[in-house]
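Number of protein chains: 2
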Amino acid sequence: MTVDRRAFLASAAGVVAATALRAQPADKGAPLPSWADGPVKKALLEFVAKTTAKGGKEFVEPAERIAVFDNDGTLWCEQPVYAQVFFVIDRVKALVATKPELKEKEPFAALLKGDLKGVMASGETGIAELMAATHAGMTTDEFAKGVSDWIAAAKHPKTGKRFTEMVYLPMLEVLAHVRASGYKTFIVSGGGIEFMRPWSEAVYGVPPEQVIGTTGGLKFALRDGTPVIEKLPTLVHMDDKDGKPVGIQRHIGRRPVMCFGNSDGDYEMLRWTTTGAGPRFGLVVHHTDAKREFAYDRESKVGRLDKALDEVPKHGWQVVDMAKDWKTVFAFEK
Amino acid sequence: MTVDRRAFLASAAGVVAATALRAQPADKGAPLPSWADGPVKKALLEFVAKTTAKGGKEFVEPAERIAVFDNDGTLWCEQPVYAQVFFVIDRVKALVATKPELKEKEPFAALLKGDLKGVMASGETGIAELMAATHAGMTTDEFAKGVSDWIAAAKHPKTGKRFTEMVYLPMLEVLAHVRASGYKTFIVSGGGIEFMRPWSEAVYGVPPEQVIGTTGGLKFALRDGTPVIEKLPTLVHMDDKDGKPVGIQRHIGRRPVMCFGNSDGDYEMLRWTTTGAGPRFGLVVHHTDAKREFAYDRESKVGRLDKALDEVPKHGWQVVDMAKDWKTVFAFEK
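Respectively, the protein sequence lines represent chains A and B.
Heads up, the working numbering is the position in the first sequence plus 3, with the first residue counted as 1.
Heads up, the working numbering is the position in the second sequence plus 3, with the first residue counted as 1.
Be aware that a few hints might be false.
Identical copies look the same in the list; a pair holds intra-copy or inter-copy alike.
To be verified - SDA-like, lysine to any residue: derived pairs with alpha carbons at most 25 Å apart:
1. 158 x 331
2. 44 x 138
3. 244 x 302
4. 57 x 210
5. 244 x 219
6. 57 x 309
7. 222 x 278
8. 222 x 241
9. 161 x 27
10. 45 x 226
11. 222 x 317
12. 222 x 239
13. 45 x 163
14. 244 x 127
15. 310 x 40
16. 57 x 29
17. 53 x 82
18. 222 x 318
19. 106 x 144
20. 96 x 120
21. 164 x 36
22. 102 x 117
23. 102 x 208
24. 31 x 65
25. 317 x 52
26. 294 x 142
27. 330 x 49
28. 57 x 99
29. 222 x 237
30. 330 x 27
If you are wondering where the hints come from, they were derived from the structure by calculation, not from laboratory data.
With these hints in hand, go ahead and build the complete structure from the sequences.
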């Protein structure tokens, strides 16, 4: 991906990313300035302080300071549907322009109508067909380039902002603060690993090697004698629900100390994190702000939060009430 | 793994590991002191210098400085057979003590005789049975504990030294030197990822999240309501030959800048690394020292080096002539 990443930094997407990078808050002065004073902010700051106080009873060795973050709904907006769905829709549109016969065929037809339920109804075969048509056969470099170009241009349907602007400023501040305190930050997302990596470093300060996500098959091949890595239409790892602790173990090989999520898809990694020995921190972002973002939980088709919310008291997790705890949601509000 | 890692540091294995850690050379004074002056040492030092010289034409951004190292035969001794094979033999011995009927059954019988060819003859079914019997059903924490206990006690059959002492001092110096120059060091091994992680940090300074290896299935489960991760008897990723670039892409998501290997199993990752744009470095350790270690290449069953050696001139890789280029092989020689 190096070649592509270098090209990327010189591209339109690179300009967006560089802007995002400059927009990343430094952890200077009072930490978490976009957070309202209250129990959640207090608990977060106290946890970081006590686990990094040398000689303290709850000190955590720097090497063990691992913090994992869900992406959709935790670091950036996931409504009305995951950004990656818009990406796939745009790819299918481009595909249909050259192969119009696909327009009438499922799951392409459903997807083009934004009918995710219809897409899911086509089952594994349909999804595999979709992945094969839009992802497979490309090299990882080509795919990364496609993602970079797309994310430089695509706009959120409600706000008209770029998706990389739809990141939560308070969470960027958390990333910056825990990193400044010696925590290594990882993304652990149900989204595609190759979809996030081209921009995660610029937008979140999380390098590609610290991104864990849903993973498709890859194949090393020689094209005219030159090594490439090709994407295959197979699913290797579904990084959601009970797949998240597995992805964490596979990539990190240590149990995290801090875990941030927002939906039932994060329940298992919250459990896995917070049942480790020693100090552990779990936090659930509760979307309660229909005015500045979206309000949803138990009944939502995207980012449903039900069981994880019920079990908050049982496991001692923190809950962010977005409307109350975040003074600012998006940097562009300011 | 955190809990176990903490227990590990307080255990017998921890003592060994801590000794190894203290034995890790600091990158102070003249770098690579165990290397004889010569073209390989010179090329290595010059490459690191030019890629880290700010403002230089071949400067590589710190974030892009990725160096990957094969383990068996590159960082530690792989003869007469991979250390992990001794580990599995010891596990099978323990198993047979409780289930004597396995003693006559393949592939257990062949393994107990050290007959790897016989083990391989049992095919995928046999290997799967072996993995199932010795690995599956354990939690990752239990497995890590088993590895830690074993590696604290097991001895190399030729030297009588612990396996963690059978690491190459010159390569520890390379790890230290490239790290001091801002390179992030990763292990990319055909060996089991969960076999290396319990000791890689103490012995090599490579944390578990920077270890890539052959990977078995994992499953998140609740045992009496407590989350665990269980090992499954399935193979998820074979990290050898063309699997190595795939493992690199999956875990790191960037193309390495430096690659160190010793066998044809490293050929594809050497190609993948050194065909990237910009400065790239490939190095092959050639085992030429029967007196201090082992001498083997084209005809060896373990760590066969043939094609990769033939193609060295074509790709501009460096070759270490162990007998000539390394003043010291093992720290215990001194």
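Going through the numbered hints above, which ones does this structure break? Give me the numbers in ascending order. 2, 6, 10, 13, 15, 17, 19, 23, 26 and 28
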